[in-house]
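Visitor: Construct the complete structure from the given sequences, taking the supplied hints into account.
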Amino acid sequence: MPENKQTALVVEDVLTVRESLRMALEGAGLEVSCAENGREALEMLQTRSFDVLVTDMWMPEVDGLRLLKEIRGTHPEMRVFGITGGGPKLTIEAMSSLAQIWGAERVFLKPFDDDELIDAIQAAPRV
Amino acid sequence: MVVLRTLTLLVLLVGLAACQPAQEPGTLFIGRGAPTFVDPGGSLSPEQVVADGENLFRPSDDHAANAGMPPTGDTVFWVKLAIPSAQELSADGWTDDYMLSVEEPRIVHVDAYVVRGRHIGQRLTWDGRDRASAGSLRYPAFFLEASEVEGSFIYLAIQTYGAMRASVWLADASHFSATYGAEIFFLALLVGIMTGALIYLVALGANLRDPTNLWLALCLFSAKFYILTTNGLFETYFLPGAITTSRVMALASALLIYCAFTAFTSHFLRIPEMMPRLARAADAAALFFCVLAVLSPLEIVLSLNVWRFLGPLLAAAVILFAALLAAVSARRAPMRSLLYLAAWSPLVLCVILQLTLILLPGVGVVPFSASALYFSIAVSLVSFSIISTLDIQQRERALQRQIIANANRFRAFAEIGTDTFWEVDAQGRITFLSGGRIKGIALERGGALLDRLAEASSPDFAAPLAGAIEARRPIDDRRIRITLTDREHWISISGRPIGESPESDATYRGIIKDITLEVERESRRLMEQQMFTLGQMAGSVAHEINNLIHPIINLTKRLRHRLKGDAEIERMFDLIDLSSRQAANVVSALLTTTRSGEKWRNADRPLHEAVQYGIDALQPAMPSSIRIDFTSTEVPCIIVKAGDVLQVLGNLIANSVHAVNGSGSISVTLNPAPDGGARLTVADGGPGMSEAVLRRALEPFFTTKADGGTGVGLYIVQRIMHQYGGSIDIQSATDRGTVVALTFPAGEEPDAREQANRARR
Amino acid sequence: MIPAAALASLLEQVARRIHSQGYASDLFPAQWAALRYLNGAPPQLRTAIDLARFQGLASGAVARTVRTLVTKGLVIKVGTIGRGRAEQLDVTDSAKELLATDPLKNIAEALEILDPRDREALANALEIAIRSTMPGER
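Sequence order for the protein chains is A, B and C. Note that the first sequence covers residues 1 to 127 in the numbering used here. Note that the second sequence covers residues 1 to 761 in the numbering used here. Note that the third sequence covers residues 1 to 138 in the numbering used here.
No lab work stands behind these hints: they were computed from the structure. The model shown is predicted, which means the values in this text are computed figures rather than measured ones. Virtual Cβ for every residue (Gly too), placed ideally from N, Cα, C. Hints are supplied without guarantee of correctness; some may be wrong.
Only part of the chain C face toward chain A is listed, based on derived beta-carbon distances under 10 Å [claimed, not checked]:
1) Ala6
2) Tyr37
3) Arg53
4) Gln55
5) Gly56
Guide: Now the structure itself:
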């Protein structure tokens, strides 16, 4: 039932993480697109929408937080999940709070279990 | 002051000389009261004069007659003289015949007639233009036989360019020649002295490029010519008969005197420095007189006859101007002004006297020796020469004082700083030493600089300096560590070779600076930079590693699902999983350690807690091949900054890790020290340090790490320990490992600190 | 313009008030933060080391906090995760009771009245504020 397939956009600058996430989400039956950074993701989101957005928070150029702010209000149906391994200038705690403020349902700390992310995606969205 | 006294004495002498009545035995001034008259056209014959004598001659007053008519050259000035009786004279001791002299060097021609009753007897002539026949005398003189003139009158018909004064003397002939000789000797002496002074001043002024001296030299030069020409010396001895030349020169030299005098006055009184505009006026006046001097021959050649009126006016103007300058200068430099007036006073007195005589025709002639004027000119000018010499001496002294003051100033500047300035001779002995003292080095003149430096630091430091000094190479900011008991000092040495100099046998000079604070600041900055870079790097590394671990864990999990069933494969996956998670833990520990933040670093903690904390923080960052064994016993409560202990441990443990080549165990112990403090040791079983390395171990920027250690590690540890009043002790030998022992002294009032700490929590 | 210094002061007062409300339960701010984390984090991340990483704190300090919470009976150790070194933690029932009275909740309720624009403004403001407290920021 391809028309029922959920679509997901994975934004992650590290190739290995990106690919492993793609495999995991495809394994869970999602149709997955990938972007290497926030800028690429923004371009893709201008032409189409996704059911789910999974984005790294610390990225070069346009980072996750900036991406979230840019698409605020433009994709009301899209669910957003943040992933992060930590980075400079903010604690993970602060980054998580900010990601949630700017639209992420949850932030996963790398290394996390991909199944948890899939569980979260498949669970009913929090209101 | 000596100058002033000398001058006063001179003035007195001149005054005495001028006022001295010239009535010596054998000499008689017979011009006094003699009847005179002036024949303006010179047309009267002696016979007419003798015949009409009663009407022509006017009795003059008690002074020498002064007709006050313009001397044109044709004018004849008649004087009728009575000859005293021989009996009277011989009673006064006269023995010889007489000499009748008219002491006026400007006289051109004199005819003398011996008149008895109405009969003209002997006729005598003296002509200035023909000196040889006139007996080569400076002024007219006639030999009279005593018997011939007894009871007769002498009529003199005088043609002169000078004053028409009856300066007539009668002298015993033998006495006259003695007096005349003395006069010539006196004048020659004056001229000689002036020439000497002139040469001296010219040499001095030219050498020093000093306008005052040069103007004074010009004064002397023109005064000398003035004396030569107005005294008849010139036309008598130098160029016999050259009366016109002499007159021209006399006038020109008078004007030159005004010129030089004005300029000299201005410079002597320092007017150019004090009032530039007045000085310019003085220069203009000098120029004006100089031009007049050039034009002066016209006066004589064209017989303009203006000098007779203009001369005194100009003289008065010059004197007034000089007085004005002296007055102006008196306000700012009273001593100088006074000195000036004192030096001129002999001349001023004489000039005033002479001017009075010229300007007031009725006064007549006092028996006044013209020599006094010349003498006073010479005295004044020579006084100025002396003053100039003293001036120069004074200037030299002032210069010397200034140099000394400057030297003192620079020494004072040097002593404000901590820098030491030194010079050494070829043997390396200190020949000059100035500035602040450097702590820990006993430098003294005559001591060997390098030996002292070697004693205070080590021969390793001093040797390259010796090489540079010997090879006369510059030394730039060479740093040397001075070992002191209380704390360490750093100095910096810079130096340059000195070129050959006759004044000193120093061959090399330099500066020693105390740069302890600078070195401390530098290493602190380096350290902070190091910590900052480390923190930043750790942050980004952690991020990268977490990113890398994530796929390992998740892909392992997926593979595990696919390859279920084989126990050995399961075990392999377990290990991969475990390893990844441990890697993740190491990263997060590293991240938090380096990002721990200033507030934690500055937190006061008891030593044992801080050490425990430091070990906790460092442990995760260690390679797994390194084991840190920490043992401790109860130690006194010493409050430390947790960050300091972390830094100390971090540096020591990093050194140990390096020493054991990244694999082995490091033992850290914390025990009480004998004196109530605590002793923290970090020991490794590495190859230890050679003696040479050990000696330099605490030196900043010294490193044995080939891959580029910063060399500040142990130095930082040492510095931190100094802050706590503690000490660092390194026990090491080749192949015997290294033990670094840090001793923390007992804390002051631990209870109070404890309480403060608790309150803060 | 509202003075920035006054805003900063107010923010500090809010933080202080939250802290002092927290002290009422005999807990320091760090202990509260640890409880909140351990209560909300996925089970495998409920370790001292993950907490330290999350908050960007030194592991030693966090370990002490956790030890204190264990002593107070608010946190229990529930064994190690897998065969790794980290000890998994969990909050106790009494901790859950305590968290029910979390002073943050009152603030959150109070902030409910903010309309979306005000919330966005507050979010922006707080982001700027928290960034300014981070090391390396200035």
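Visitor: Hint by hint, say whether it matches the structure.
Guide: Status of the hints after comparison with the structure:
Interface restraint check: C:Ala6 against chain A, minimum CB-CB distance 23 Å, threshold 10 Å, status violated. At a threshold of 10 Å, the smallest CB-CB gap from C:Tyr37 to chain A is about 8 Å, leaving the interface hint in force. The interface hint given for C:Arg53 is met, as the beta carbon of that residue sits about 6 Å from the closest beta carbon of chain A, less than 10 Å. Interface hint at C:Gln55: satisfied, since its Cβ lies 5 Å from the closest Cβ of chain A, which is below the 10 Å cut-off.
Evaluation of the C:Gly56 hint against chain A yields a held restraint, the C-beta minimum of about 3 Å falling below 10 Å.
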